[in-house]
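Engineer: Here is how the chains run, residue by residue.
Protein chains: 2
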Amino acid sequence: MVWQWIKAISPLATTLSSYRRDQFASDLIAGLVVAIMLVPQSMAYAMLAGLPPQVGLYASIVPLILYAMLGTSNSLAVGPVAMVSLLVFAGVGALATPGSPEFIGLCLTLALMIGVLHIAMAVFRLGFLVNFISHPVLVGFTSAAAIVIGFSQVKHLIGVSVESGEYPIQSIISTLSNLGSANLATLGIGVTSCLLLILFGYGLAPLLKQFGVAEVTAETILKLGPLVAVTIAALIVFGGRLDQSHAVKIVGDIPSGLPGLTIPPLTLDAIRSLLPLAFVITLVGYMESISVAKALASRKRQTIDADRELLALGMADVGAAFTGGYPVTGGFSRSLVNDSAGVRTPLGSIFTALFVAISVLFLTPLFYYIPNSVLAAIIIVAVAPLVDFKTPLKLWHFSRSDALALLVTFVAVLATGIETGILLGVVASVVMLMSKMSRPHVAEVGRVGNSEHFRNVDRYDVQMTAGVFAFRIDESLYFANSSFLQSYVMEQVANRPDIQSVLLICSGINEIDATGLDVLKTVHRELNDLGIGFYLSDVKGPVTDRLKLAGVDESFLRENIFMSADAAIQKLSVQAMEA
Amino acid sequence: MVWQWIKAISPLATTLSSYRRDQFASDLIAGLVVAIMLVPQSMAYAMLAGLPPQVGLYASIVPLILYAMLGTSNSLAVGPVAMVSLLVFAGVGALATPGSPEFIGLCLTLALMIGVLHIAMAVFRLGFLVNFISHPVLVGFTSAAAIVIGFSQVKHLIGVSVESGEYPIQSIISTLSNLGSANLATLGIGVTSCLLLILFGYGLAPLLKQFGVAEVTAETILKLGPLVAVTIAALIVFGGRLDQSHAVKIVGDIPSGLPGLTIPPLTLDAIRSLLPLAFVITLVGYMESISVAKALASRKRQTIDADRELLALGMADVGAAFTGGYPVTGGFSRSLVNDSAGVRTPLGSIFTALFVAISVLFLTPLFYYIPNSVLAAIIIVAVAPLVDFKTPLKLWHFSRSDALALLVTFVAVLATGIETGILLGVVASVVMLMSKMSRPHVAEVGRVGNSEHFRNVDRYDVQMTAGVFAFRIDESLYFANSSFLQSYVMEQVANRPDIQSVLLICSGINEIDATGLDVLKTVHRELNDLGIGFYLSDVKGPVTDRLKLAGVDESFLRENIFMSADAAIQKLSVQAMEA
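First to last, the sequence lines map onto chains A and B. One rule links them: number in this note's numbering = place in the first sequence (from 1) + 5. One rule links them: number in this note's numbering = place in the second sequence (from 1) + 5.
Everything labelled a hint here was simulated from the structure, so no lab data went into it. A few of these clues could be false.
Any copy, or any two copies together, can satisfy a pair, since identical chains are not distinguished.
Claimed, not checked - Dumping the calculated DSSO-like pairs for lysine-lysine here, alpha-carbon to alpha-carbon at most 30 Å: (1) LYS441 - LYS545; (2) LYS441 - LYS526; (3) LYS395 - LYS545.
These numbers come from a predicted model, not from an experiment.
With the rest of the complex left out, here is chain A:
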């Protein structure tokens, strides 16, 4: 009984009840591979977010366990990610000094709010909200954010201090103008780390193949890049005591031991000022997660339950808020690694969390000499491929309005900031969608030969019926296109004095909202004033129900609505002859 109940809540319980030894081995290895990537990454992303490195590690323990218990994806690797970290830095940084206790507290509050928003989206079935972020907006946003993220790390990479400006573009310019005052030792470590990471990421694979290394072994070696870079860099700093002799900035003391319980400070003021940020992070984070999870699941004919995912990600963020972490979500690259490392069940994520916990318990002294510049290198190499030059060019050929949406988002993110930027991108694409919707496809129709079929007069050789204007509209009647119908009908009527009846063929109308209904009534009244009849045909069930609900006259429903265009035209042509 209790077990049934647990199973209903946690998909993991079902998995465990038939867990096999071979699955265990696969999950353990994948969990370790992801952890090796995650430990340096989580510290680097915490730095990107303006937080101490341990916050990144803390965000990689409990949230992963909670997601594993509640989520429906086997491969999704939850934890700190670059995009969300940048949003945290930009948004919370406007309210408090990065790294300060106040800043850390606000990050906990933000994580809790993001968790609650996810859960609210699950409860109220608002998952469709991610649709607002169209593909072009996402590409524009990701490219611009990658540039902002990359440049934000240059100061750590080369060891200079740069004032961050109000807008991203200002920070980029001031970074560029400070290139001259680089700390050479830091710069050396940073650039070497970048080259090493690029080697592991791109150059090593063909080399290993050439030397006849087995593919599985080769794949595992490639994932060691960040670990190798961090180790070498830390050894160099340690060997030359570069932190003292050359002022190379290092990670320094990290408190060892598991995170304790933290209580996010909840003031009305903080909640109000964090709300837009929480909303943007929720949408962006959920979108990244769900798209990765879906892509990985579909390869195995598995499905992802969007509402369950919202709940699981929400609980992961709530977990982060209460264990000293900061906002997390499902990451793109680590999930791919998790998948290709052969993870079989969500238990893989729990193993990752255990390995991170072991690091926090026993390995923090080893992290002391890690220079910030190698962490910056990890971030820069990770985000550089996200700057996408191909898509804008392709889109330009495909559709100018889509290309424009991309451009607006890209420029807006760089010029006005990452939050305002994505909102402007969303507004631009909604405006363009409304523009398209405001001109629905409409066709005057006539009878094909002696058949019962009616087709577009512009494309078929059809017979017209004198005095009758019959047309079809291929779109539901929403407020977005309401003004069109009225203008179209009235223009036809004004230009063709012979029209005695207007027939709207409703086969393409799936739904009608209050504005659409209002327009239908207006058209009916205006035609009536001119002594012109207004008729409908092929009205779908749901639309008829709506007309009845709206209190349309019984007589109109009976006399002015026909089953088919054929029936309508037969009746109307008789009327026209009698007149």
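Based on these hints, arrange chain B on the given structure of chain A.
Structural biologist: Same frame as chain A, but now just chain B:
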């Protein structure tokens, strides 16, 4: 040559070239009737906007002439209107003290900006933007705004001074709590004026009919309401010197003479802070104008050119900015009066402007003793019928989401202010539209008997083809519904291991955007990974063009796209049998 050119710019020129004596008589009378209404109204609305009364009069001269020269409606009566005046008061009042020279200057700037926005909308064909304001949002907005307008005048009606709060609801509460300290003389005049106006508006018509007054005469008498109320109130104040003996607030000195040239002060700061307000007023004002103009034109089988209207209204606002006025638009009630008074051509508006000019030149001394309370009464009686209780109830039966949009707008206008309120209403209705669009109508189809027709399996008795999943989507593929298609297909494939081919019947897809294309590609790739074929049929011309533009493989276009579902199923069933 020059004449042709003038005709192309000004529809009025064409009208004048065949102007007849009977048209002249009709236009002159209608012009006078509207002017009699407009003179007291324009002063009242100026007061509502926080401006001296002459500003209302100035806004009723040049703008009317400019509209008459450029507009395409014969009946639209341009000038100050209640809604725009309230928006001016609320928006500009947040930046400067109402009535101050700075306030008056900002109103000129605002009028110029609104004019330019109208013209920009004409040039870039952005008229569709009014579609964003759905019928429920408009009703909610109008009702709430009427309440805000009405209560804002109570202080003038009863002669108390009330601090206006940050949010409308605060002002309403503080007005109510000040009712006790009313100036009794002012209150008496105000209430009497209200009763008189209500009598003219509602009670007098049946009375006149009973006494056998001819209908035309009766209609003219009814329109004299505001003039009669203003005259009686002014005579009472003058007779009892109530302005001195009882501190009744009066209009006082109005400078006589025509307005001079005014230059709107254009600072970057002013423009930036007025921009959202200008945008809202442009949309709300244009929407009111165009809907009245369309309704009146359609009665006579005339049409309205939306772009020309934008241009004409824009020039009217530019005219207001340079002649000491404030933002104007086409008013609802005066246009109806203009129409029913028998106006024939736009020359009617020019006559109205001339009568207003004569008033400003010679009658201003007569306006001295007009009490503010009678102007407040004119406003209150005008806006009270705009509070609409019936529509919300009807909508609640018709559609919960439409009713919700109305409620959100209504509450938001009262709680957060008139500008934010309408924006929240628009956001709410766009979100609900996206929610509907995110679940497009989709149907699995099968063959009807041995015919070539394919219909919904849930509604028809159809034959299925083994291994083939054929479905139809009745909506264009936009980013708004993109996630649906992928989820739907993948869910079917995950649940039905027998599926070997997926056929998407595209007869309902009129357009495809970049996100839609991306989803099609993803579905194709994911199905491909599973060894499932992905086919399209009934692809419309514009969609095929898009696929080609997007660089879809030549081989896919040739082999995976069929002319009809019939052709596709024939081919796929052969494949299935061979497999």
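Engineer: Run every hint past the structure and note whether it holds.
Structural biologist: Hints, one by one, checked against the model:
Within a single copy, LYS441 and LYS545 get their C-alpha atoms as close as 24 Å, and across copies as close as 17 Å, so both meet the 30 Å cut-off. For the identical chains of this complex, LYS441 and LYS526 are neighbours both inside a copy (24 Å) and across copies (22 Å), given an alpha-carbon limit of 30 Å. In this homomeric assembly, LYS395 and LYS545 come within 30 Å of each other (Cα to Cα) only across copies, at 28 Å, whereas the closest approach inside a single copy is 44 Å.
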